[in-house]
Amino acid sequence: MQTNRLSEIVNRSENGPFMKEVAFDMALARKVTDLVKKHAIKFDPEVLVPHDDDMADRLYQAGLELFIEMGVYNQSTERRILFTRQEVDTTVGAAPNAVVLGCGKDAVIERHRDVESAIPCRMHSGPTGTPCSERLHPLILQACAQEPLVDCLGAGSVATFQGRLIVPGSPTEILASRKEASIAREAIRRAGRSGMHIEDVAVPLTCAGKIATIDPQSGLRPSDGLLVSQMPELKTNYDQLSRVAYMQSFGMHIVDLMTPLIGGLGGGAEGTAIVTVASHILGVLCYSGSYHFMGHMNLQWSHNTDRMGLWIQSMAGQALARNTPLISVNDLYTRSGLGTPEVLWEVAAGAIVGAVSGLNQHGVGATCGTKTDHTSGIEARFQAQVAHAALGLTRQQANEVVLECLPHYEHTLVNPNPGKSFPELYNTETLEPGQEWLEIYDKVCQELTQMGLNIDGGWRKVRHDENTF
Amino acid sequence: MKIPSELLEKFDLALRLGNTDEAESLAKEMLGKGIEPLALVQEALVPTLTDVGQKFQNFEIYLPELMMAGEAAERVTTLLEETMLKAGKPSVSFGTIVLGQVEGDIHDIGRNIVSILLKSHGFKVIDLGRDVAASAFLESAQKEKADIVGLSALMTTALPAQRRTIHLFEEVGVRGQFKLIIGGGATNQGWADEIGADGYAPDAASAVDLCKMLMDLPSHN
Chain H
1 MQTNRLSEIV NRSENGPFMK EVAFDMALAR KVTDLVKKHA IKFDPEVLVP
51 HDDDMADRLY QAGLELFIEM GVYNQSTERR ILFTRQEVDT TVGAAPNAVV
101 LGCGKDAVIE RHRDVESAIP CRMHSGPTGT PCSERLHPLI LQACAQEPLV
151 DCLGAGSVAT FQGRLIVPGS PTEILASRKE ASIAREAIRR AGRSGMHIED
201 VAVPLTCAGK IATIDPQSGL RPSDGLLVSQ MPELKTNYDQ LSRVAYMQSF
251 GMHIVDLMTP LIGGLGGGAE GTAIVTVASH ILGVLCYSGS YHFMGHMNLQ
301 WSHNTDRMGL WIQSMAGQAL ARNTPLISVN DLYTRSGLGT PEVLWEVAAG
351 AIVGAVSGLN QHGVGATCGT KTDHTSGIEA RFQAQVAHAA LGLTRQQANE
401 VVLECLPHYE HTLVNPNPGK SFPELYNTET LEPGQEWLEI YDKVCQELTQ
451 MGLNIDGGWR KVRHDENTF
Chain X
470 MKIPSELLEK FDLALRLGNT DEAESLAKEM LGKGIEPLAL VQEALVPTLT
520 DVGQKFQNFE IYLPELMMAG EAAERVTTLL EETMLKAGKP SVSFGTIVLG
570 QVEGDIHDIG RNIVSILLKS HGFKVIDLGR DVAASAFLES AQKEKADIVG
620 LSALMTTALP AQRRTIHLFE EVGVRGQFKL IIGGGATNQG WADEIGADGY
670 APDAASAVDL CKMLMDLPSH N
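Here the protein sequences come in this chain order: H and X. Heads up, the first sequence is in the working numbering, so the first residue is 1 and it goes up one at a time. Heads up, the second sequence is in the working numbering, so the first residue is 470 and it goes up one at a time.
Note that these hints are calculated values from the structure, not bench results. Possibly wrong hints are sitting among the right ones.
[What the hints assert, rightly or not] Capping the alpha-carbon separation at 16 Å, the derived lysine to aspartate or glutamate pairs in EDC-like fashion look like this:
hint, chain 1, residue 1, chain 2, residue 2
1, H, K31, X, E534
2, H, K20, H, E78
3, X, K497, X, E543
4, H, K20, X, E540
5, X, K524, X, D481
6, X, K558, X, E505
Isolated chain H, as found in the complex (with noise of 0.2 Å):
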């Protein structure tokens, strides 16, 4: 296929096969149930990274079929847009491995990760799907961006526009997008890293509202990104369609966010592995992502770090670092909040998989995102700290210390603690952690230590390493 795809997947959408939502739906349901039999996917859940290279390239052509079979449904024309096989494998062949995020001297490259890779994970950071209070917003970004281990900010999103509600598709949501663009952009300012790759700006809802970001002077530039999502499971729309044609006419990042839903149609672990493997497939032909954010979430509360969550995340990131040259991020969301212990058990947990598993590392969306202003930059240093010291274990050894990290979290997840906001746990003068969040900080990577990370040497050394720029 040509590399700007767009005109034909607008083709296929006017001309594919036309299919309710629901029958859609409940196709793709039995068309997953059935790939899980055929390809014999099986999740234990005390084994949460599993070491089966067999079994991870089954799970790669059980997500291959799936998209082949199914088409990614278009929610603007109820058409499905079809992909042969060989449109496929050429496509997803030929998708970038490595990219350079950012510009000047704060540019990285974030790469393709192998299985067991020795190179270095890049940390995605910002307020992960939590939302901020418009006073407190400037201050948040600012902590995380001036973490050293961070190495890109999402700009995340506020409710408000002085004050008030802002509103989809109203001159507010275009006034407020510009205003939280160019408060990300100061805050990487003055985090002294003003070339710092901003990854998307969260808070519009409309394609109008994500271009009114884009402003080389005060908001996002092309060495920037935007996310655009894919509604749950396998479909688009012609907004998201729409940002794409727009990022790619100017050689600005295109992050591609998906969320399958674990217990939703793809059923339980095997089958939502399935389906987060499809997903990425579609990010490649339909969105040409320079990279993809692996956003899988429990149906009822809407983390990833249960014992489904962490092996999906380790069996759909082996399946694509096995079989594709794609860069794949995990996108962490966790039951409990800020300033409790349990948050960096969970945190440790995924950051573990994620590090063995071929992925990047993006974080931390701290109680699923439901409480505003309960985001630092704290938990993002944990989780960076955490993946480089779990550079060079192999699976069998990752999957002893998550073993070891769950009985800290597991019983706490039907009933997380919420913790703190982020004015109680940060001097909102200085921007430093208080004396509370740095101790359980400091409890937690000792007891980690004790486990056998190098939680403190191991950054060091990937700070050193030739492949970190």
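Starting from the known structure of chain H, fit chain X onto it as the hints suggest.
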């Protein structure tokens, strides 16, 4: 007349497996034996679907199983409605609920689950889908003579549309005719109180309980 246990077991299994044709055929057989449609709903349909809903809530089964059971139940409900209509009897439905994602919100899954569970509990549900204008909620509520209107918002940016929709019902002077309830990830009881909603449900099971309470029906708990 009591439903024979053998038929009841077969019907239960057909619903759980989503065998739509078999569930419909068994329902016809029961009607043929003189079982009243309302008894079929209360003694066969609702107990099975309540259990399916509970298993889904406990993550013992997943959305595909819930959807398939819901699809089979919907076919049976349609059959029973037609039977009641022909006999000149009132509907088997416990109430009519208009449901939708407010304007600007394009999310589906959560509302779909609420819709399935409400249908499973004997409500007639008119699902308007996503990105629904305030005027469309009003029009549908009046046309369907709804008892309850459910406004869902997953994103905080969809909250103004939720408030706008309730305001419209007040402006045209029909607010008292309908119970307006809210749900979705961006909402909470405080927001429901602020915008004057009649109720708030944090999840799908609570939405069923809330609707039952508003219709003065006993809760399944």
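Okay, the hints, checked on the actual structure:
Proximity of K31 of chain H to E534 of chain X is assessed by CA-CA distance (about 13 Å); at most 16 Å being required, the pair is judged to hold. Distance hint between K20 of chain H and E78 of chain H is fulfilled; the C-alpha atoms sit about 6 Å from each other, no more than 16 Å. Simply put, K497 of chain X and E543 of chain X have alpha-carbon atoms about 14 Å apart, close enough for the 16 Å limit, and the pair holds. Proposed proximity of K20 of chain H and E540 of chain X is supported: the alpha carbons are some 14 Å apart, at most 16 Å.
Note on K524 of chain X and D481 of chain X: the hinted pairing holds, with a Cα-Cα distance of about 14 Å set against a maximum of 16 Å. With a CA separation close to 11 Å, the supplied pair K558 of chain X and E505 of chain X stays within the 16 Å bound.
Checked against the numbered hints above, the structure breaks none of them.
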